[in-house]
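*Asks:* Chain by chain, the residues:
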Amino acid sequence: MYTQAIDTDPTLRTSAASDDGAAEDAFLARIADDEKIEPQDWMPEAYRKTLVRQISQHAHSEVVGMLPEGGWITRAPSLKRKEILLAKVQDEGGHGLYLYAAAETLGVSREQLIDALHSGKAKYSSIFNYETKTWADIGTIGWLVDGAAIMNQVPLCRCSYGPYARAMIRICKEESFHQRQGFDIVRALCEGTPEQKAMAQESLNRWWWPTLMMFGPHDSDSTHTGQASAYGIKRISNDELRQKFVDVTVAQAEFLGLSIPDPALRWNPARGHYDFGKIDWDEFWRVVNGQGPCNEARMNDRISAFEEGRWVRDAASAHAAKHAARAVARAGALEAA
Amino acid sequence: MSDSNAKSLAPTDWPLFEVFIRSKQGLDHKHVGSLHASDAEHAIALARDVYTRRQEGVSIWVVPSKAITASDPALKNENFDPMASKIYRHPTFYDIPEEIGHM
Amino acid sequence: MSALPSQSLLLIADSCLVWGHRLSEWCGHGPQLEEDIALTNTALDVIGQARLLYQLYSSRAGNGLTEDKLAYFRGPDAFQNVAIAAVENGDYAQTVLRSLILSAWFVPLWRALAVGRDPELAAIAVEAEKAARVQRRHASDWTIRFGDGTAESRRRIEHAISTLAPWVPALLATEIDGTDRAHRENEWRAFVAEVMAEATLAAFPVNANGDHHAFEANAKQALSALLHEMQSLAREHPEAVW
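Chains as they are written, first to last, in the numbering used here: chain A, 1 to 337; chain B, 1001 to 1103; chain C, 2001 to 2242.
No lab work stands behind these hints: they were computed from the structure.
Every residue, glycine too, gets a C-beta built ideally from N, C-alpha and C.
Misleading hints may appear alongside valid ones.
Below are the EDC-like pairs computed for lysine to aspartate or glutamate, each with C-alpha atoms no more than 20 Å apart in a straight line [claimed, not checked]:
1. B:K1076 with A:D34
2. A:K133 with A:E195
3. C:K2069 with A:E83
Covered by chain B, per the in silico footprint, the following chain C stretches (three or more residues, Cβ under 8 Å) [as the list claims (entries may be wrong)]:
4. 2035-2048
5. 2179-2189
The calculated label-pair distances, taken between Cβ atoms and stated as ranges, are [what the hints assert, rightly or not]:
6. C:E2229 with A:G120: 41 to 47 Å
7. A:A331 with B:P1064: 54 to 60 Å
8. A:A331 with C:E2194: 22 to 28 Å
9. C:A2217 with A:G120: 57 to 63 Å
10. C:F2073 with B:P1064: 47 to 53 Å
11. B:P1015 with A:D239: 41 to 47 Å
12. B:S1065 with A:G120: 28 to 34 Å
13. B:A1074 with C:E2158: 33 to 39 Å
14. B:I1087 with A:E45: 36 to 42 Å
Work out the full structure, taking the sequences as your base and the hints as a guide.
*Replies:* So this is what it looks like as structure tokens:
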């Protein structure tokens, strides 16, 4: 499960202005009262659009996120790891499914959402455009990427839109094993041969900064954090979550005997937090905008699975129609008899 | 690529089903989510794989999402607020002397 | 207690692993999200069965043998799997047809072992039979949808039948100690015949003529490639614990 606060549609910032001012006020009052909004309830168009964008982006991230790890299912170095990884990647598919279903309650179809992904209109978490070069990456993804995702997601269990909040509760429950299995892989590497330990360190070196980028741009540069938090969709800011992640992860890395690749990282007693170095936002935007190492490969994989699956889906539809028609015919024959 | 994407809007999508799971014998079926399937039996099979991967259930119902009729949320206040005044329906409305004990 | 001869144990375990590996290759690439999850469940079931059988085999063999040594450090010549388990997936029709062929073979096998004289194996077989039944249902449903679906799906399932049929005689001829081979074969034939009929397909051509040596060679090649990939990392670090 992977969320990333990417602001891809700055026009939404101002679109909250509604022709139905009173309804909008009543709506905002309900949000302020921590009331949940359900699909049939009146909602401002900007709220609906923000949700469709965020939930579908989240769903796409899950489904695209199956690919980098999926590539190691066939090479997992023990049967136990193979089984766990397979179950984990399958869970991600399930999470994508729950989220597509939540988005569908807002009046868009799954096909429209998938089409937006395949045509490049919709975004997904840019972390999945990085390559999984070694087995250690499977551990690092679980430990760091899932860890960061969980931090993003737990607050969403309280988000104002009922179907999204319920999907997130289910997802967070299932997700907790993902981070642990990742940590467990890294731990086994760190306690293993020198080559294994080096593999873990090399992997951390590659994934650390992209993971910090997962929390999205700095609050000062984030275009619709304000809107999303007024709507009760986003509860905690990008920078706050990122800081929390760094604070928690440093101790875990120390336990593993791994060093975080940031010379500026140090404890700041005045703030009560770790200070850390500057994030390369140019890299972030490059990857978001399609120039990451695997953007093209990921989309090609998704599109070909979808296109090659079309005849399968069509066959099931055709068979279901025939089956239903025969049942009607049989019932008619019984009636006539 | 854009050509093949245009095709992907063809109206062959599997319909949506709502899934209800009985988590253990003796309890009600509870709504857990939804999924797409080609027909109801297919939906049952898929619901087993999608919604009971962690032994969440012992029985599954599926209903075509289209078949559900919902109350109008705009009528929420007039539908449900009048019940608030019927406090005499609740056992706590009545004082029972302590000597009587549980009733 | 009367243990199943280790050769048979290994044959079943290897078949489960190799087949599960093939099924796992679909994860993330399935034709529909729901279906991707469903197929992966079948992969998890058979890989889980392979593990239990390898563990049983290792505990009986002693000598510090483990499930991973069996899975990762034997070459293709040592693998005992039924040949069809290693054949490449092909399209979805070929994948589900192989699942039909194998699950219809496994259901009566597990049932026989569940009441057999090897109690440790019987305990595994009781649970494995349930999973195999679900898998057989999944595979039959799809075979029927393809046979009685669209013109394309029918063409594809017919092609899958002609591709996989040559491996079936050897599968049905496989002896497993403590089970009645002819009885298992009859159940396989009866079940598959019923599915073919419901799918409006021609009877399954079990006695397909063909160059069996060529098929064997193909299967061996597919197995070698599969193991080469599966074992690559583990063999790079023979001393490692993961």
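*Asks:* Does each hint fit the structure? Answer for all of them.
*Replies:* Status of each hint after checking the structure:
1. Between K1076 (chain B) and D34 (chain A) the CA atoms are separated by roughly 17 Å; this keeps the pair inside 20 Å, and the hint holds.
2. Proximity of K133 (chain A) to E195 (chain A) is assessed by CA-CA distance (about 15 Å); at most 20 Å being required, the pair is judged to hold.
3. Taking the CA atoms of K2069 (chain C) and E83 (chain A), the gap is about 16 Å. The hint holds against a cut of 20 Å.
4. Counting residues of the region 2035-2048 of chain C whose beta-carbon sits less than 8 Å from any beta-carbon of chain B gives 4, enough to reach three: the coverage restraint holds.
5. Counting residues of the region 2179-2189 of chain C whose C-beta lies closer than 8 Å to any C-beta of chain B gives 0; at least three are required, and the coverage claim is violated.
6. For E2229 (chain C) and G120 (chain A), the Cβ-Cβ distance of about 32 Å falls outside the hinted range of 41 to 47 Å, so the restraint is violated.
7. Range check, A331 (chain A) to P1064 (chain B): about 18 Å between beta-carbon atoms, so the 54 to 60 Å window is missed.
8. The supplied range of 22 to 28 Å is met by A331 (chain A) and E2194 (chain C), whose beta-carbon atoms lie about 24 Å from each other.
9. Between A2217 (chain C) and G120 (chain A) the beta carbons are some 45 Å apart, a value that contradicts the proposed interval 57 to 63 Å.
10. Remark: the range hint 47 to 53 Å for F2073 (chain C) to P1064 (chain B) is upheld by a beta-carbon distance near 52 Å.
11. As the Cβ distance of P1015 (chain B) to D239 (chain A) is approximately 43 Å, the hint placing it in 41 to 47 Å holds.
12. Between S1065 (chain B) and G120 (chain A) the CB atoms are about 29 Å apart, so this pair conforms to the stated range of 28 to 34 Å.
13. Evaluation of the 33 to 39 Å hint for A1074 (chain B) and E2158 (chain C) yields a failure: the beta carbon distance comes to about 55 Å.
14. Here the CB-CB span from I1087 (chain B) to E45 (chain A) is close to 40 Å, well matched to the stated 36 to 42 Å.
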